[in-house]
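Student: Sequence:
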Amino acid sequence: MKQASNKKAVYVDAFKQSFVKLKPNIQIKNPVMFIVYIGAIFTTVLWFLSLGGIKDAASSYIFAIALILWFTTLFANFAEAIAEGRGRAQAETLRKSRRDVKAKKLKSKDNPSDYTEVLSKDLKKGDIVYVAAGEQIPMDGEVIEGVASVDESAITGESAPVIRESGGDRSAVTGGTTVVSDWLVIRVTSEAGNTFLDKMIAMVEGASRKKTPNEIALQILLVTLTIIFLIVSACLLPYSKFVSVLAGSGSAVSLTNVVALLICLAPTTIGALLSAIGIAGMSRLNQANVLAMSGRAIEAAGDVDVLLLDKTGTITLGNRQASEFLPVGGVSTEELADAAQLSSIADETAEGRSIVILAKEQFGIRGRDLRKLGAKFIEFSAKTRMSGIDVNGSEIRKGAAEAVKSYVLSKGGRYPDECEQIVQQVANAGGTPLVVARDDKVLGVVHLKDIVKNGVKEKFEDLRKIGIKTIMITGDNPMTAAAIAAEAGVDDFMAEATPETKLELIRKYQAEGHLVAMTGDGTNDAPALAQADVAVAMNSGTQAAKEAGNMVDLDSSPTKLIEVVKIGKQLLMTRGSLTTFSIANDVAKYFAIIPVLFAGIFPQLGALNIMHLTSPVSAILSAIIYNALIIVALIPLALKGVKYREVPAGKLLKRNLLVYGLGGLVAPFVAIKIIDMILTLFGLV
1 MKQASNKKAV YVDAFKQSFV KLKPNIQIKN PVMFIVYIGA IFTTVLWFLS LGGIKDAASS
61 YIFAIALILW FTTLFANFAE AIAEGRGRAQ AETLRKSRRD VKAKKLKSKD NPSDYTEVLS
121 KDLKKGDIVY VAAGEQIPMD GEVIEGVASV DESAITGESA PVIRESGGDR SAVTGGTTVV
181 SDWLVIRVTS EAGNTFLDKM IAMVEGASRK KTPNEIALQI LLVTLTIIFL IVSACLLPYS
241 KFVSVLAGSG SAVSLTNVVA LLICLAPTTI GALLSAIGIA GMSRLNQANV LAMSGRAIEA
301 AGDVDVLLLD KTGTITLGNR QASEFLPVGG VSTEELADAA QLSSIADETA EGRSIVILAK
361 EQFGIRGRDL RKLGAKFIEF SAKTRMSGID VNGSEIRKGA AEAVKSYVLS KGGRYPDECE
421 QIVQQVANAG GTPLVVARDD KVLGVVHLKD IVKNGVKEKF EDLRKIGIKT IMITGDNPMT
481 AAAIAAEAGV DDFMAEATPE TKLELIRKYQ AEGHLVAMTG DGTNDAPALA QADVAVAMNS
541 GTQAAKEAGN MVDLDSSPTK LIEVVKIGKQ LLMTRGSLTT FSIANDVAKY FAIIPVLFAG
601 IFPQLGALNI MHLTSPVSAI LSAIIYNALI IVALIPLALK GVKYREVPAG KLLKRNLLVY
661 GLGGLVAPFV AIKIIDMILT LFGLV
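Take the UniProt record's numbering: the last position of the sequence shown gets the number 685, and nothing is skipped along the way.
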């Protein structure tokens, strides 16, 4: 019910804006529709003159032409206003999440109790604030101390809280979000009016939308065509006078008909919808929770032919999972599984939980009451690179091969060659070996596998169909990277990647004429993001990454890059399809109108009147009514976009020419004939 009410409000607002946009300073921004606007004013003046006795044509006919031209202008305004209205509705939702709150501004980051309360709007870049559980983060910033769960649903729509912490790639926080647990010390990185939310609202509303290079180029083409038709139409009046005298039959074309003919032949359909297509494309991106810093980035996404994708979190789940227990030295698989599970019961990491689950699934080993056993848990540390448990007088440890090897040797035990070989095999297969030992004896290896996401291989196949090359970027060694790349089905991979090698790879492809897209979240990704044509930075990432990118993904989902490319391509497909339809329309209207208009002077042209239109008056009226109505009919397609298809550009072009080109040729003939029959039936011509 609420959604229906919101939709109604958008339409009502768009209706009002259609009249507001009739101001000359607004109309002149769209040169093609400005011609229609001038034509409406000119024919209105002609109508008033006809009422005073200065007749160019029948007063009722001039009035009808003027009225239809005004409606044509209003319909074009309506298309743009609906697209903008949707953006304003989105912006209003975001604006509700932005409010001035009291912030605890610290005098020193080392003393959270020493603060002064100020309003968030008064905070300056570089100020340090303390935010406790239940409080709203007052301004965009970077966490410099603390770890906390943050509710970002006001921005992303996702209800699940996310972790934000100092250091690393999850340090950025957004004003308007709420700390759910613990506390954070934040350094403010933007001021009131220039926050991430402010920028997002401006982009969603379309206030910051600038015409893209492709859009400008297309508009230049449309203006050029309009000027050509303007010159042709201007020549018709003297030409028709000359030939009518020379032929001794017929009469000159009236000024009203010249204006009507110009409007019918000019590319008004795409001219009216061009702005709406661009705004709607940006709106679709915003609905996907991606903020584009420029329209150029969306267009570039549509032209991208090389995608650089991080392995972890994009191609793989990011959380390694236990897939196999590999015992050594005569130890049974169940004994290894039991020890591995014991050492992982208190391990809350995804890897630890997966070991517990695998042991339970394979051998039915369930958790035990370790309090009765007096167990002592050994947490993982970066220094020891191991974790484990002390229970029943035994020390069980699991960890990196080298770390466990040193531990066993220090206990006087032996590290078997068999274990060394299994560790190497697991690594070569793209997995992570986790060695398990009890006291001075190695029990075996747990094979941790970086699981490739379901459906990723199919997605890459779809991208391949439309000519996009996928390259996996990973810090893994070449053998591990090759194994995962083969399983995921990417076209190529870069192993042991560094910021320098990423940047070098992007420049290499760009030098070869490719458009490159990539995603990143860390400061070390910033140079590559700044170089890429389409750079999607994670909202959870560092400030450096967000500033380097030309898009920000609010959901911080690395796979969003694929969706961004689809939205960009859909925008270009929609614009291309409707441009094809519009130009084909003009060609059809030309053959529908000109023969009837000049049949009085050249009777032979009557043979080209294949639709058998009643008269020149009905032909002009039918064509100009169709010209106005087709704009309204195509508004839903302009806003929704044509259906995205994973096909090569050549196939797509052929399909568009067939569907929209042929459709654009046929539709006017059918529609104009129907309108002509209706006008004749009701005696309106």
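No lab work stands behind these hints, which were simulated from the structure alone.
We put the beta carbon where it would ideally sit given N, CA and C, even for glycine.
Treat the hints with care, as some may be off.
[Unchecked claim] Distance windows between CB atoms, simulated:
(1) D100 x L221: 18 to 26 Å
(2) I144 x L221: 49 to 57 Å
(3) E512 x E458: 42 to 50 Å
(4) E379 x D100: 22 to 30 Å
(5) G167 x D417: 45 to 53 Å
(6) R464 x K411: 33 to 41 Å
(7) Q287 x L221: 25 to 33 Å
[Said to hold, decoys possible] No more than 30 Å apart at the CA atoms, straight line, and that leaves these computed lysine-lysine pairs for DSBU-like:
(8) K55 x K640
(9) K469 x K7
(10) K376 x K469
(11) K55 x K241
(12) K441 x K459
Student: Run every hint past the structure and note whether it holds.
Tutor: Against the structure, the hints come out as follows:
no.: 1; hint: D100 x L221: 18 to 26 Å; verdict: violated (48 Å)
no.: 2; hint: I144 x L221: 49 to 57 Å; verdict: holds (52 Å)
no.: 3; hint: E512 x E458: 42 to 50 Å; verdict: violated (28 Å)
no.: 4; hint: E379 x D100: 22 to 30 Å; verdict: violated (43 Å)
no.: 5; hint: G167 x D417: 45 to 53 Å; verdict: violated (40 Å)
no.: 6; hint: R464 x K411: 33 to 41 Å; verdict: violated (53 Å)
no.: 7; hint: Q287 x L221: 25 to 33 Å; verdict: holds (30 Å)
no.: 8; hint: K55 x K640; verdict: violated (45 Å)
no.: 9; hint: K469 x K7; verdict: violated (40 Å)
no.: 10; hint: K376 x K469; verdict: violated (51 Å)
no.: 11; hint: K55 x K241; verdict: holds (17 Å)
no.: 12; hint: K441 x K459; verdict: violated (46 Å)
Hint compliance for this structure: hints 1, 3, 4, 5, 6, 8, 9, 10 and 12 are broken, all remaining hints hold.
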